[in-house]
Amino acid sequence: MSEPRDKDEKKKDAPLKPDEASRREFLGGAGLSVTAAALSGAGALLSGSDEAEAKATWGEWFQKNYRLMTEDEKREAVLRLEKRYTEEFGKQTTVDSAPAKEGVLFGYALNIQKCIGCRRCVYACVKENNQSRDNPEIQWIRVLKMEKGNFLAGDMDKGYPDPAGIQVGGNAYKNSGVVLEGEHYYEPAEVPEKGYFYFPMQCMQCEKPPCVKVCPVRTTYRDPDGIVVIDYNWCIGCRMCIAACPYWARRFNWGEPNLPAEEMNPVTHYLGNRPRMKGVAEKCTFCLQRTRQGRYTACVEVCPVGARKFGNLLDPDSEVRKILEKKKVFRLKAELNTYPKFFYFMD
Amino acid sequence: MKPLIRFALDSVMYVARGSAIFYGWIIFLGFLSFLMLLGAYEQFTKGMIVTNYNDLVSWGLYEAQFVFLVGVAAAAVTVVFPSYVYHHKKMKEIVVLGELLAVSAVCMVMIFIMFHMGRPDRLWHLIPVIGIFNWPHSMLTWDVIVLNGYLGLNAICAFYYLFMKYTGREVNKLFYMPLVYISIVWALSIHTVTAFLINTMPSRPMWFHSMMPIKFIATAFAAGPAMIIISFLVINKFTKLKIADEAIETLAQIVTWCLGITIFLGLSEVVTELYPSTEHSFSLQYLIFGKHGLTGLVLWYWSAVVLLLAAFFMLLTPSLRKNHKLWLPLACAFTFAGVWIDKGMGLVVPAFIPSPIGEISEYAPSAIEIVNTLGGWATGLLIFTVLAKGAIGVLLGELKYRAATDLASEFSSEWQPVVHSSEEICK
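Protein chains in written order, with this note's numbering: chain A, 1 to 347; chain B, 348 to 774.
With the rest of the complex left out, here is chain A:
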């Protein structure tokens, strides 16, 4: 009903304007300095690549936790990675290290009334964020299929067996509404299916993230713009965060990730979508390589029905704030007091 208008709204109210032109010229614009650095790195690689490779490996192994690095050390780490990725994937790769902007707290709102379960977000996310494609296959977004409520007249009389003939409970119920029953493998010819609605889940970017609390080496932490990030080079793979996350948002690189060079997205961020290694945890970062440059996340851009909204929670005029103000909003598993910044809403 409101699809086209909604798309317009997105353009009109967008707190962060996704500018088509700047996106196309991204490499020449915002990432100019990093690109230049990568070029020089690639040059260094061509002259004596074995030595450079060895240096990169040792350098990476000995580097500090990203958050505690000085600006110089960060630059060095980023250059090292750019060099390695450029060589490994045969395309010029940039590793951004843009910090969180002041006055920004990212938030997300998802309209479960609109979602049609097409999973375009899932695949756009994989494409953008360089997840391992296969063995292990890693996806950060899961779309759950929910059965619309109904009660079964046929089961009316099948109460709990009671010898005295007094029925103590009924069996006519069926789960309905948002119940976490884990059905996310649906493969219909067409979506949406009759009798179902859809419920996408991803990292909730909690304000009180249980994963951050349990991390023994502080490799995962909350950046000032509210995004929970992971320094993949510092992670020891203990999987405490995976056990502690109530939203099943985190994934583990069980083996060496398989990322075909031709599918690799070379525009990366150190804390975001740069290629990962085996034995480390990863998860949604609200596409910080995009959002910190003023763009929308890949899932927001691709959503064909405009169910996904993203913006600055500190800006009273942003679209997410308007949604929080005007719509019926809920957070998942609110009883756990994790304070997600990922909201669900209905019109």
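Each pair of labels, with its calculated beta carbon distance range:
| id | chain 1 | residue 1 | chain 2 | residue 2 | range |
| --- | --- | --- | --- | --- | --- |
| 1 | A | PHE151 | B | VAL532 | 52 to 62 angstroms |
| 2 | A | ILE166 | B | VAL532 | 54 to 64 angstroms |
| 3 | A | GLU71 | B | TYR528 | 46 to 56 angstroms |
| 4 | A | GLU71 | B | MET524 | 48 to 58 angstroms |
| 5 | B | TRP649 | A | GLY90 | 52 to 62 angstroms |
| 6 | B | LEU667 | A | TRP61 | 50 to 60 angstroms |
| 7 | B | TRP482 | A | GLU88 | 30 to 40 angstroms |
| 8 | A | GLU147 | B | SER708 | 14 to 24 angstroms |
| 9 | A | LYS208 | B | VAL581 | 49 to 59 angstroms |
| 10 | A | GLU76 | B | HIS556 | 43 to 53 angstroms |
| 11 | B | LEU382 | A | GLU60 | 28 to 38 angstroms |
Quick caveat, the hints were computed from the structure, so don't treat them as lab data.
A quick note: this is a predicted structure, and the numbers were derived from the prediction, not measured.
Think of the CB as a built atom: it goes at the ideal place given N, C-alpha and C, for glycine as much as any other residue.
We have chain A; now place chain B onto it with these hints.
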């Protein structure tokens, strides 16, 4: 320094000589440990993809051993406590064996931690100062502290005691006793903290209850002394050291009552969870009855119930409990196996089923997991066998510092080589 070097050399010489059964046992354990090294190479080079762990069940066989073995380590206190707090004379004579079991168990714990890690090469990130130690926030850091502390305490206590005995000197109580008392409290802490490690995660409802620490302690003090009793019976059979029946009886009673408490706590949990049958109980339902047709752990769970109940009633019957030929070892084996199931795979795996989004999937360990787990146990038993053999030599007086007995002043004396007769060596 000389007595120390001599102690090391004498111990190696003493431990290296043994009967055919001893060699057979060592070769058997060594072979399993060697297989583990191959398995470890496979896992560390290819990643954890060689296990059957997955996005849903991300902990499995290794973590089950970890939890169980922390309990075995803590259970050394069931020997130390009666010895030094109740001054149980017969127990005091062999208290060092309990401490050595703790040392071996903590070594096994470390092995399974290595297998648990996705990046064992980055373990140094955990070391304070050069790495980052997220203390006090992360429970895992508490566990690192208490486990390493416990290893240190037991290693120091056991070594000091044996060394003094070896050189024929009296134990300095001002040094030794405080360590003993600290280690008693510390033993409780290692298992409490391990319980806190897993029960502070509301994302895993099956673990998220406050009974976890006491249940851990009760099960540990059933399974640990059960293992100690079995090893004492083996020592009685195969070595010249005779461990008094009184000591074994005390341990058997500890096993009995801790087993009773374990069963009571298990029953309490089942009733509390299953009566209201909320979502909180789904994991337990999966464990006990299976869910949505998936019943991977049901037989596993009920076998533990049968083993623990059978062991409890055997131990409650004095005539069976005092039968060291058949019934006591059988009851101890049942206790050990029952707790190993109940607190190993039976505790770790179902907590991940269903997943936080309600998905139910099953897990069974891969061949490499099984090889590495057997190897981990074999390595631990190897360590224990070697340590215990040396300790028995000292306790029997077969392994002693010759110079000390000959001369009044120990340290001013010249070292003289210890000459064992061949009979002595082959016992």
